[in-house]
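Asker: Sequence:
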Amino acid sequence: GLCVSVSGDPLIKLELGVRISVETAFHTFTARSVGTLFGGILGSLLFEVYNRQFLMFVSLVWVAVCVTVMPFTVATALWWTFATTAALGMGLGFLFTGGNVLCLDLWGRAGGASLQALHFSFAVGAFIAPLAIHPFFVGCTLLRSIAIVSNGDHSYDRGSTYVQVCPKFTR
Numbered sequence: 093g094l095c096v097s098v099s100g101d102p103l104i105k106l107e108l109g110v111r112i113s114v115e116t117a118f119h120t121f122t123a124r125s126v127g128t129l130f131g132g133i134l135g136s137l138l139f140e141v142y143n144r145q146f147l148m149f150v151s152l153v154w155v156a157v158c159v160t161v162m163p164f165t166v167a168t169a170l171w172w173t174f175a176t177t178a179a180l181g182m183g184l185g186f187l188f189t190g191g192n193v194l195c196l197d198l199w200g201r202a203g204g205a206s207l208q209a210l211h212f213s214f215a216v217g218a219f220i221a222p223l224a225i226h227p228f229f230v231g232c233t234l235l236r237s238i239a240i241v242s243n244g245d246h247s248y249d250r251g252s253t254y255v256q257v258c259p260k261f262t263r
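If you count by our numbering, then the sequence shown holds residues 93 to 263, one letter each, in order.
Hints may contain errors.
[As the list claims (entries may be wrong)] Label pairs and their in silico Cβ distance ranges:
(1) F146 <-> Q208: 25 to 31 Å
(2) F121 <-> V161: 35 to 41 Å
(3) G200 <-> A169: 30 to 36 Å
(4) Q145 <-> L223: 17 to 23 Å
(5) W172 <-> A202: 43 to 49 Å
(6) I133 <-> R201: 33 to 39 Å
(7) A202 <-> T160: 18 to 24 Å
(8) L223 <-> T168: 36 to 42 Å
The hints are simulated quantities; they were obtained by calculation from the structure and are not laboratory data.
All values reported here derive from a predicted model rather than from experimental measurement.
The beta carbon of each residue, even a glycine, is placed where N, CA and C say it ideally should be.
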C-alpha cells in the first residue's frame, strides 16, 4: 500500500513541481495500471512453475529499486517516469499475486483471516504514505491559469492549466 500511494498523488505533485501539466502528469496512473495488469498476469504464470519464495524475493527487490529510482526520474525525462511507474506497477502486480498465492498455499481454505490481514496491511500502508510524505510538500501552491478567447461578441474558456509552485523542487 505504501508503494502504491507513493507513486500516486506525491508523484503527481513532484511532476507539477517541475512544470509538467496536470493532463500529462495523470498518465502515470495509466502506466502503473498497465504495469500492474501485466505483472499480475506474469505472476500467475510464473508462480505455477518456479520457486515461489525466490519469485517473491525478486519482486520485492524489483519494487524497492523502482520506488528508490522514481523520484529521480521526474526531473530528467517524462518517459523515464512513465517507464519507472509501469515497472513499479508490474512489480506490485507480481507481488500482489504472489502474496495471495503464498497465503493460500500456507493456510489453504482456513486462510481467510490471513488474507484479510494481508489486505489490511495494504490499507495501512496506503493510509500512512501521504502522512509521511506531506511535510515535503508544505509551502506548495497550486495555481490555475485560464485561457479565455474572445471573438467579438462572445468570450469562452479554452481550458485551464494547473501549475504547482514548490520552492523546494526545481528542474
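Asker: All hints, please: hold or fail.
Answerer: Status of the hints after comparison with the structure:
no.: 1; hint: F146 <-> Q208: 25 to 31 Å; verdict: holds, 26 Å
no.: 2; hint: F121 <-> V161: 35 to 41 Å; verdict: violated, 18 Å
no.: 3; hint: G200 <-> A169: 30 to 36 Å; verdict: violated, 47 Å
no.: 4; hint: Q145 <-> L223: 17 to 23 Å; verdict: violated, 32 Å
no.: 5; hint: W172 <-> A202: 43 to 49 Å; verdict: holds, 45 Å
no.: 6; hint: I133 <-> R201: 33 to 39 Å; verdict: violated, 25 Å
no.: 7; hint: A202 <-> T160: 18 to 24 Å; verdict: violated, 37 Å
no.: 8; hint: L223 <-> T168: 36 to 42 Å; verdict: violated, 28 Å
Violated hints, listed in ascending order, are 2, 3, 4, 6, 7, 8; each of the other numbered hints is respected by the structure.
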